[in-house]
Amino acid sequence: MQFRPAPHLARGLALAALLFLATRPLAAAGAPPAPSVPPPLRVPVWIEADHPQDPPFAVHFEATVNGHPARIAATQGPASDIIVLVVLDVTGDISLVDPAKKALIDNINRLPANAWAGILNAQDGLHVLADPGPRRKPAIDAISGISTNGLPGLFETVDSALHIADAMMRTSPVRVAVLYVTDGNIYRYREDYTNPVINSSDPHDLSRKFPEALIIEKVSKLQTTLASLEAPLFVAHLHYRPDRLNEAYQNGLTTLANETAGEADFARSPTEIPDSINHMFSRILSGWTLTLNLPPKTRENLEVKITGHAGDTEARLSWRSRYVWKHK
Amino acid sequence: MCFLFLAISFATAAPNTPPQAQTTDPLSRATDEFKIITRDEGMRADSATTTTHHGPKPAYHGRVYENFRNDILDAIPHEIKQNNQQNAVLHRNQFGFNLGGPLIIPHVLPNNNSTFFSISYEGVRESISRASLHTIPTMLERTGNFSKTVDQAGNVIPVYDPTTTSTNPNYNPALPLSLTNLQYNRDPFPGNIVPASRLSPLAQKQLGYYPAPNTDIGPFFQNNYFVNAPETDIADGVIANFDHSFGSKHRLTWNSTYSNGFLGSAKYFNNIADPAAPDQTYGTKRGELDYIYSASPETINTAAIFASSSTFQAGDGGAPFPLYTFDNYLAMGAAHPNSHRARNHYQLRDGLTTRKGKHSLTFGAQYDQFQVNTYWPAYPAGDYQFSYPITSLPGIADTGYSFASFMLGLAQYGNNTIVTAPSYFRESRLAFSFRDRYEWTKDLTVTLGATAYDMSPRTEKYNRQSVIIPSLIDPLSGTPGGLGFAGVNGVPAGLGPSVYTLDPSLGIAWNAFGSSATIVRASYSRFHTQLPLYNGQFGTQGFNARQALTTTNSQLQPALTLDAGFPALPFTLPSLDPSFSNGNIADYMNLTGAVPTYQSARFSVERDLPLSMVVTASLAYTGARNLFIGSAAANPNAVNPSYLTYGNQLYDLAFRETLQRFPQYPGVSLGSIYPQGRYQRDAAALRLEKRASFGLSFVLNYTYSRQWDDYSAPYGEQDFFNSRNNWSLSYYNPPQYLQLTCIFELPFGSNKPLFNYSGWRKPFIDGWSISSSAYWNGGTPLALHPEYNITGDVINSLNVNTVPGVNPTLGNPTATLWFNPNAFAQPNSFTIGNASPTSPTLLGPGVEDLDMSLIKRLPIGSEGAFEFSASAFNCLNHGNWNTPDTGIGPPTAPNINAGHIIGSYGGRVIQLGMKFSF
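Protein sequences, first through last, are from chains C and Z. Residue numbering for the first sequence follows my numbering, starting at 1 and increasing by one per position. Residue numbering for the second sequence follows my numbering, starting at 329 and increasing by one per position.
Mixed in with the good hints, there may be bad ones.
[Unchecked claim] Think about it this way: if two alpha-carbon atoms lie no more than 27 Å apart in a straight line, the pair counts; the simulated DSS-like pairs of lysine-lysine are:
no., chain 1, residue 1, chain 2, residue 2
1, Z, K595, Z, K409
2, Z, K363, C, K137
3, Z, K1184, Z, K1080
4, Z, K409, C, K209
5, Z, K613, Z, K533
6, Z, K789, C, K305
7, Z, K533, Z, K577
8, C, K102, Z, K577
9, Z, K613, C, K209
10, Z, K686, C, K137
11, Z, K686, Z, K770
12, C, K305, Z, K613
13, C, K102, Z, K770
[Claimed, not checked] So, partial list: chain Z residues that the calculated Cβ filter (under 10 Å) puts toward chain C:
no., residue
14, D353
15, P430
16, P434
17, W582
18, T585
19, S624
20, F640
21, D644
22, T857
23, P860
24, N863
25, E934
26, G1023
27, S1101
[To be verified] Over the 10 Å line for every Cβ pair with chain C, so calculated as not near, a few chain Z residues:
no., residue
28, F362
29, N498
30, G536
31, A960
32, T986
33, G999
34, Q1035
What the hints contain is simulated information worked out from the structure, not anything from laboratory work. Note that beta-carbon positions come from the ideal geometry of N, C-alpha and C, so glycine has one too.
Kindly generate the complete structure, drawing on both the sequences and the hints.
The following block contains the structure:
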């Protein structure tokens, strides 16, 4: 997603971009520290227990940022409000899409009252199919009516989806997670990530011996973008493919999800699809979000450590540990 | 352009400040923010009417790149270093761009996110050395002096004067041929020197085109010519894709490719007699239009039209040089000096997919039309093959010399091609398919499918086809197998029948024990393939001609003399005479409609492991019959090996022909479409996949396989009457194969555990990654072959004998001796070998390779990046050994090189790349 600036702002930003380019080496040589009072940081945390949605104990969290103690300004757990933005990126075999739809509908029907789901699709850019809300029917209708007539769009839309989720989290004290349900095949993307052979008569082409280079590059760019966002990304992929380029693509999705403290899962058979989606919802709903007040003069690269205690017991946690802090 | 994207990325990092929330409920406030952003970004149905914006700003992405290679970066290849050469010239630039995004044409196509394009261009400019080692005649031999010409054991090869041949009155046919029981007497040239007066004037003239030897690798005078010549490669190509959506239910996509290329082959020597393939130009055009219609969320139809055309031209159209071949010497002249072709493929297809309960049904229909327009004369100036028998002591091994036969101008075999016009071959195929994927239980999915084919035979646009009809009596010889012509006397236009097949497939996927951690898969499928359309004029005799002159007795008579050349064709083209090919190599096809049938079955178990790993173990079987094979593997007009008991009498063509099925033809050509090959492959494989974590992912594949066939032996097959005798390990299949591909994002820089720097160090530390690909195989089966083939021209390719009780393998094989040659023996004259075409136990040297690529990425904004890459192919500069010499000689002239490996090949190649993407 490209957030469209107002016209006067666009001109100003273009000028700023010019100045930025002209002064970048100089600026890089003496980069000024980040503003002295950074905004709060929201960190997704999971208690790695057998039944994480219903921990039998109250957890007391402690946090450090770059080795310094950070104050936890707010704690939102499984009982807190949550919005799940479900992005449908289904363009292939309907024998895989159909069980995914059913599993999604089942999970949305089972959502607790504090959980709302919004539905988007990722073909030709993000499009809203149903707004988050207390009523389940619009979301269910949107899922039922989605067609698979399109091209994969996860790579082109994932930063927009996470930007939206990020903005929602900053506006309101709710947990927000983005769940992509996708069957994307890297060969079907509109953009060229497979570097296909153009000149079949060229017998000594070595540039395609590492054919995944364009995929790695795209993932790297998205990593850079997502590093400063706070909402977690979850990917339920309906069709695992073992060829080299799709391996790289699927590993890229895993990397992106891991970077945001989310998770990616790849169904290797149709029967795994419902379990995969159930697992994603379970994981999303059981998540915690800790809002940390960052210490003054925090550097732009943040290393976060969270510990949790339940009485005398240390809870087994997973959390997102790294961020690139940017002024927002 | 980059300024624009920077501006956009800045805006991205500072999104709109949300208006004050209208509600206090956190969920509602977050939802309000969702609505505001998605409305402003044009993501909602009401976006365009409720905001001042007109959809999102169009986002264009693409890249510009250059890949550079030069020999100054590379290691000197092993094969070049071993010949004391210092460089292998290489200059290569590969450059291009890609641009994609919405297609906007003012007043025609607005920016409504419905029409998109992507266009890519790539150009290549390259000059690359090709190194090879050959044997050419010594300067002494070129004067007719063979006093220094020796065999593999270093013994002088005696050259006999064919004009002194006389019948030996004391010959006893009951005893084996030997020096004491000769069928023919013949005198050697005094001093092993052919007198100057006897040398062919044309041979002496043509020798002027041969270069002088330039090295002496040996042994003896072999491997005396090293070539290191540049090959030129120029190519330009474009891929252009468009797609357009009509609402949410209709989509059109257009994909097209256009490419032109020139390949200037490396010259062995720089004159008209160069045996290298001629320079070639290529062209490719390809386009596909797809229409996808979603009738409902459960029903989708895809219709497509596809067309492709590839063109090829070789040679400059000038007067060609004849082809002269002399056993193991580098030839003069080349086959196919001037040729051109166009291959066209048109396709219409439609696929309907729908969901019904637990069934997912797919119905498909497809029609393909194939065309090949080909002009491919193999030997327009004649092919003269010189061999040793005419200068040998008849029947005695290790006598006679092919180059001496050339100096005398006495060719054992001659081939002349007359092509009057291109051939326009056509073929079509109609297919209907059905597939049902059924969810039997929660954990078990079963897939059933079937495909029915109607495959047409090959036709020619002007009916210019012919073939041997086994039931047609040749009026001249009175024997079966006259030449029949398409569309004449009841012969169908396609010569053979159409083929109808029905191929089933079955597959299951079972999540064992209800767990997604373990998946068991099993599958079976069968399929048939259609007769391929090859280049060339195979099957057009009578409209074109091939003069194949065969000696009446290779030991006594040449097929033709160099100075006289080919006789005039006794027919005027076109000729529909059933006897047109008599005395020639005739084109033979199987007219029963048999086509290759493949069957495969696979069983695998996938299991999730800790540390983000998945292991897959699989067993696979593939078998095929009726595979299309060529004249080296089959011959319906062969003489049965049981007739070898006739001994030397077999050299008499007239006698030999009486033993053939079609005696009017000395041989037949199969055009590589004779459906008689069999193949089987059994494989066990283990695959370990490490999903991305801590920046590392890899896939490790190990395969152990055994593959057999009865057609692929590199020196040809021995017994055309019992293919079981040819059943042996496929020489090209390595039983063991290991491959590792790995991607590692180095763990330092922003958002990484190490060196998490900011400021001036950040651009240097961030964005490093390594990709690598390693490959190893344990060697391929060795094919041993005898040095001499004294079987009366009956056996095309002779196997060796195994020596009982002698182990062919060595405990520690080295380049000096890779296997034990004493375990094998040259078969006696007029007997076939008892070994299989490839050894069941001996493998050649293994092959290994490690390629690595180091990439440094420098982000510019959220979408832009400079990327620098350094890729090293064979980065350890490992030299892989050549295949050992597998020639086995008789005890009187053993091949002293048997089992030896001469040299290695390969060398590190480096490519530098630079790319700017946005």
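Okay, which hints does this one fail, numbers in order? Failing hints, ascending: 5, 6, 7, 12, 16, 17, 21, 22, 23, 24 and 28.
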